[in-house]
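Read top to bottom, the protein sequences are chains R and H.
Position 29 (the first sequence) corresponds to 29 in the numbering used here; numbering is contiguous.
Position 110 (the second sequence) corresponds to 110 in the numbering used here; numbering is contiguous.
It should be emphasised that the hints constitute simulated quantities derived from the structure, not laboratory data.
Be aware that a few hints might be false.
[Claimed, not checked] Not everything, but these chain H residues come out facing chain R in the computed CB check (under 10 Å):
# : residue
1 : Asn196
2 : Leu201
3 : Leu205
4 : Thr223
Positions of the beta carbon are idealized from the N, C-alpha and C atoms, including for glycine.
There are 2 protein chains.
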Amino acid sequence: MKLIQKKRIAFVGAGNVAWHLAQALAAAGHEIKAVYSRSRTSREALASKLPQAQPIATPDFKDLTLDVVFISVPDAALAEVAAALKVAPGTLVVHTSGSQPLTLLQSIEGARTGVFYPLQTFSKSKSLDLAQVPLLVEAWDEDTLQQIEALARSISSQVHTVSSEARKQLHLAAVFACNFTNHLLGISQQILQEANLPEQLLQPLIEETVAKAAQQNPFAVQTGPAIRGDENVLQAHLQLLQQHPGYALLYQQLSRSIQTQAPNGDAKANQG
Amino acid sequence: MKLIQKKRIAFVGAGNVAWHLAQALAAAGHEIKAVYSRSRTSREALASKLPQAQPIATPDFKDLTLDVVFISVPDAALAEVAAALKVAPGTLVVHTSGSQPLTLLQSIEGARTGVFYPLQTFSKSKSLDLAQVPLLVEAWDEDTLQQIEALARSISSQVHTVSSEARKQLHLAAVFACNFTNHLLGISQQILQEANLPEQLLQPLIEETVAKAAQQNPFAVQTGPAIRGDENVLQAHLQLLQQHPGYALLYQQLSRSIQTQAPNGDAKANQG
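Sequences are here, hints too, so could you generate the full structure?
Have a look at this one:
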């Protein structure tokens, strides 16, 4: 157990990110004093997981003695929530968004502001060890940044200072690597289910794909019918997808994108 | 070391799949006697990895004493290669294609035929333990099937009998889960590189995405701006992709596909 400077914390939002962050901070020894969410069910559910937290119905934290307020709400709601937030002067307010700039918190009167973005995918239904999750932090001044970094290091060994601009690019990259990949894995499982094939058959292939991509430029090790220019297989696959026109369209566009990508001489030479 | 019935084997093709299969079979105690490929460089490179193999320039194996011939060539070339192949009567000939039917080998005079499909992605530049790779096998008759299964079990513990029809669906699912996923990981790395961000930042996120998809239906745990209907983020991301119109198009279509997919009440309820 490392020595931490214990902080008194409140959460605005009780969704997937707040769910995991609040519990990890509490487990690290911080005191989560309050959880606000518009949804009564959500705020009560999260507060019930935190021994010292009360669910509250308005985002007014002026009368609570707090060091830090986390705003962890959908990106689209962030500006509105920040405008409604009330905190005591000098309170540190951070948001947890990958795509939203630090400037969005400027409207919060009397607050010091920053960003505390956990680069991971969260679902309430799946537990997760935050110790290896990269936490990307940002602040206006060095002193505030150090406070946020200390808080981040109390729950993760991967703390990086990243500007709002770079964080936007990182979030975009994460959408491709995580959100879109997850969708493709879903399509793949649906195809297996419809063919009455065991879903775990593809697991070694998926794991090898990801392991390989971590070691080499994925474009340089691309395999499959598209990079080979194997029109017969492409046509046969589109035929198999007749009942799923949306997937057939995706198949075509992903294949085209693979083919547009700098032709991979190595993969072609390896055939035959 | 388990007891195996040692086979005398030749390979037609010296690409990624032949490269790994031939070496795994040799390591398991089988004798790889010959490697044919149109490309002299390729056949010599593979034969040089196999102590007992000679590179040969025509696909005529009639005068070699062989038990099994593997045809491991691009799908589009398979029919032509099979038609040109010459083997002694009774030789077992298998192809290693995920998408091509067993019937494609019917033209090979005097041969017993089957399928020996390793469900994995192969690059010559990355070594791989085949012991956990699913091998999908098929044959016309029970006796041939048992021979192929024994051979498969000598290099992998994951041997499954799968019909040509089901194998096609499996291959299609693998294209989504592996080839397309790899392309998305490549795009993601390119975005990070262009923003001067360390590529390994996304690795925990990618691994968690894959681990989660193995435990739960990916559609049920979909996260990200598309499933949240977060138009501001979607538009901002398209803006960031202005220099990559092909990627912007993919971004739009993948987002649309996620949104078309049965709306995920759980993910939406978890927000805010």
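Hints, verified against the model:
Satisfaction of the interface hint for Asn196/H is found here, the shortest Cβ-Cβ separation to chain R being roughly 7 Å, below the 10 Å cut-off. A least Cβ separation of about 5 Å between Leu201/H and chain R falls short of the 10 Å threshold, and the interface hint therefore holds. Annotation: interface hint on Leu205/H holds; nearest CB of chain R at approximately 5 Å, less than 10 Å. For Thr223/H, the interface hint holds, since its Cβ comes within 10 Å of a Cβ in chain R; the closest pair sits about 5 Å apart.
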